[in-house]
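Chemist: Position chain B relative to chain A; hints supplied.
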Amino acid sequence: MKIMRVEKTLVSTNRIDAFGHRPLLVVQDKPGGPRSVAVDAIGCVPGDWVLCVGSSAAREAAGAKDFPSDLTIVGIIDHWDAGDKG
Amino acid sequence: MEIMRVVDELVCTRRVPGLQLCALRILKSPQGAISVATDPVGALIGNWVFVSAGSAARLAMKDATILTDLTICGIIDSWEEAG
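In the order they appear, the protein sequences are chains A and B. Numbering-wise (my numbering), the first sequence opens with residue 1 and increments by one. Numbering-wise (my numbering), the second sequence opens with residue 101 and increments by one.
Next up, chain A with everything else stripped away, as it sits in the complex:
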């Protein structure tokens, strides 16, 4: 699992049917780092530090075993000091 920070929501009108209307968020490893897109399974807001899972756990965490996600947010971290841990 990875600790990431939510940057903003991602709007994609033309998407494959399997994604339905699930919210997508742009997440970063660290501020200014490379961006990824994650499916939001819990409901977070920009600025939250979150816990993300990848591979097949991401599919099941997003709601179904055949959901085509490879990165899903599974938790919001209560307190996280990024400077503290590098």
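The hints are simulated quantities; they were obtained by calculation from the structure and are not laboratory data. Beta carbons: idealized from backbone N, C-alpha and C, even for Gly. Heads up, some of the hints might be wrong.
Here are some chain B residues the structure puts well away from chain A; computed CB gaps all over 10 angstroms [unchecked claim]: (1) ARG105; (2) ASP108; (3) LEU124; (4) VAL136; (5) PHE150; (6) ILE166.
Under 8 angstroms between C-beta atoms, here's a sample of chain A residues computed to sit facing chain B [as the list claims (entries may be wrong)]: (7) VAL11; (8) SER56; (9) ALA58.
Modeler: Only chain B this time, still in chain A's reference frame:
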């Protein structure tokens, strides 16, 4: 999922049967790396898209038997590289 930009279409006539007739697109990541993805949505050159990798890529195709490890899942409505 990763964010990438469609830079071209890829024509590949001679292919394994497992790849069927699906459309292929050449994608470039913000870091400059080139990859090829199957395209079930019909992305145009210049579109920013998000892609699923690994086994999720196969489920993202309508037919999960297609042999792919990178699939375009959707076109991003508006995206600026810098932020």
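Chemist: Please go over all the hints and tell whether each is borne out by the structure.
Modeler: Taking the hints in turn, this is what the structure says about them:
no. : hint   : result
1   : ARG105 : holds (13 angstroms)
2   : ASP108 : holds (19 angstroms)
3   : LEU124 : holds (16 angstroms)
4   : VAL136 : holds (17 angstroms)
5   : PHE150 : violated (4 angstroms)
6   : ILE166 : holds (12 angstroms)
7   : VAL11  : holds (4 angstroms)
8   : SER56  : holds (6 angstroms)
9   : ALA58  : holds (7 angstroms)
Hint 5 from the earlier list is the only one contradicted by this structure; the remaining hints agree with it.
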